[in-house]
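**Q** Sequence:
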Amino acid sequence: MNKFRSAASGTAAVSLLCAANAFAADATKQQQDEGWTVTVAPYLWASGINGESGLFGFPPQDVDVSFSDVLQHLKFGFMGVTEARNGRFTISTDTVYARLNADIDTPRGILASNIDATVSTFMGTALGGYSVYYQDGTNFDLVAGARLWSADNRFEFHGGALDGTSASDGDTWVDPVIGAKFKADVGNGIYLAGWGMVGGFGAGSKSMWDVMGGAGYQFNEKTSMFVGYRAVHDNYSHDGFVNKLTQQGPMLGFTYKFSVQ
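Numbered by mature numbering (1 follows the signal peptide of the UniProt record, and there is no 0), the letters in the sequence shown go through residues -24 to -1, 1 to 237 in order.
To be clear, the hints were calculated from the coordinates, so they are not data collected in a lab. Just so it is clear, the structure is predicted and the values come from calculations on it, not from any experiment. Do not take every clue at face value.
Below, a list of computed lysine-lysine pairs in the DSS-like style, where the Cα atoms sit at most 25 Å apart [claimed, not checked]:
{"#": "1", "residue 1": "K220", "residue 2": "K159"}
{"#": "2", "residue 1": "K198", "residue 2": "K233"}
{"#": "3", "residue 1": "K233", "residue 2": "K159"}
{"#": "4", "residue 1": "K220", "residue 2": "K182"}
{"#": "5", "residue 1": "K51", "residue 2": "K220"}
If you anchor each label on the Cβ, the simulated ranges turn out as follows [said to hold, decoys possible]:
{"#": "6", "residue 1": "F195", "residue 2": "F32", "range": "45 to 55 Å"}
{"#": "7", "residue 1": "T13", "residue 2": "G140", "range": "51 to 61 Å"}
{"#": "8", "residue 1": "F230", "residue 2": "F32", "range": "36 to 46 Å"}
{"#": "9", "residue 1": "G140", "residue 2": "T71", "range": "30 to 40 Å"}
{"#": "10", "residue 1": "V203", "residue 2": "A120", "range": "19 to 29 Å"}
{"#": "11", "residue 1": "A78", "residue 2": "G140", "range": "11 to 21 Å"}
{"#": "12", "residue 1": "T13", "residue 2": "G146", "range": "30 to 40 Å"}
{"#": "13", "residue 1": "K198", "residue 2": "G140", "range": "27 to 37 Å"}
{"#": "14", "residue 1": "I80", "residue 2": "T114", "range": "23 to 33 Å"}
In this text, a Cβ means the ideal position worked out from N, Cα and C, and glycines have one as well.
Generate the whole structure from the sequences, applying the supplied hints.
**A** Put into structure tokens, the structure is as follows:
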């Protein structure tokens, strides 16, 4: 009887082990067969700017610009996120570009009667990620990559002693970036999403961080809308150029998802 029980127990253990292996193999195969899904999400970030900015080696000046001020001088802007996912693996980008123009009157008009100022800024991020949690419509991803910054400030002088001359200052730098992202379905088409990242570490910026959080509504399998709040800080200085600024404000975005076979 003991031998029979031992044999039966061994057979049951082998059966359970085979079943577990088959389940794991099926799960792995299913994840590998998911293929790539691409999400494209243009968005509006109504951010104000505050901090310190310095040009041409002059002492940094305090900056406090509201979104309405930015919008008044905005000539062109683009913001958008893309993500390609295959199972637990992701590749994502985030692009923010803006060009502003302002006509500045000088108080006495000795050096110039007015100055035409054009400010162009670019922030582009590329990340690779892996989901440490990925099931039931929820994922928590660890990400790493790089962020490219570029700032270009151009000034054209009209009238006065500097009439017809121009000057420019700015810089381009790259920051390593690490962080985490998450998305969680909470039911009835509603989901929560956000990210938190840090970078720079003295390689480009002395320090930088980027946090975002909000909620979205899934209209169908392909489209959704998202509202949230985002804040980005950067502390960079080099050769008389200082960019110690924080941008923050609400976000509104629309997403479109499609599969790539």
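**Q** For each hint, tell me whether it holds in the structure or not.
**A** Evaluated hints:
1. As the CA atoms of K220 and K159 are separated by approximately 30 Å, the hinted pair breaks the 25 Å bound.
2. The straight-line distance between the Cα atoms of K198 and K233 is roughly 5 Å, inside the 25 Å bound, and the hint therefore holds.
3. Taking the CA atoms of K233 and K159, the gap is near 15 Å; set against the 25 Å cutoff, the hint holds.
4. Restraint check for K220 and K182: the C-alpha separation of about 10 Å stays at or below 25 Å, so the hint holds.
5. Taking the CA atoms of K51 and K220, the gap is about 23 Å. The hint holds against a cut of 25 Å.
6. Hint check: F195 to F32, Cβ distance near 50 Å, so the stated range 45 to 55 Å holds.
7. Checking the proposed 51 to 61 Å range against T13 and G140 shows it holds: the Cβ atoms sit about 55 Å from each other.
8. Look at F230 against F32: about 41 Å separates their beta carbons, and that is inside 36 to 46 Å.
9. At about 35 Å, the CB distance of G140 to T71 agrees with the hint of 30 to 40 Å.
10. A hinted range of 19 to 29 Å for the beta carbons of V203 and A120 is consistent with their spacing of about 27 Å.
11. In this structure the supplied range 11 to 21 Å holds for A78 paired with G140, their Cβ-Cβ distance being about 19 Å.
12. For T13 paired with G146, a C-beta distance near 38 Å keeps the hint of 30 to 40 Å intact.
13. The beta-carbon spacing between K198 and G140, approximately 54 Å, falls outside the hinted interval of 27 to 37 Å.
14. Against the hinted window of 23 to 33 Å, the Cβ-Cβ separation of I80 and T114 comes to about 50 Å, which falls outside the hint.
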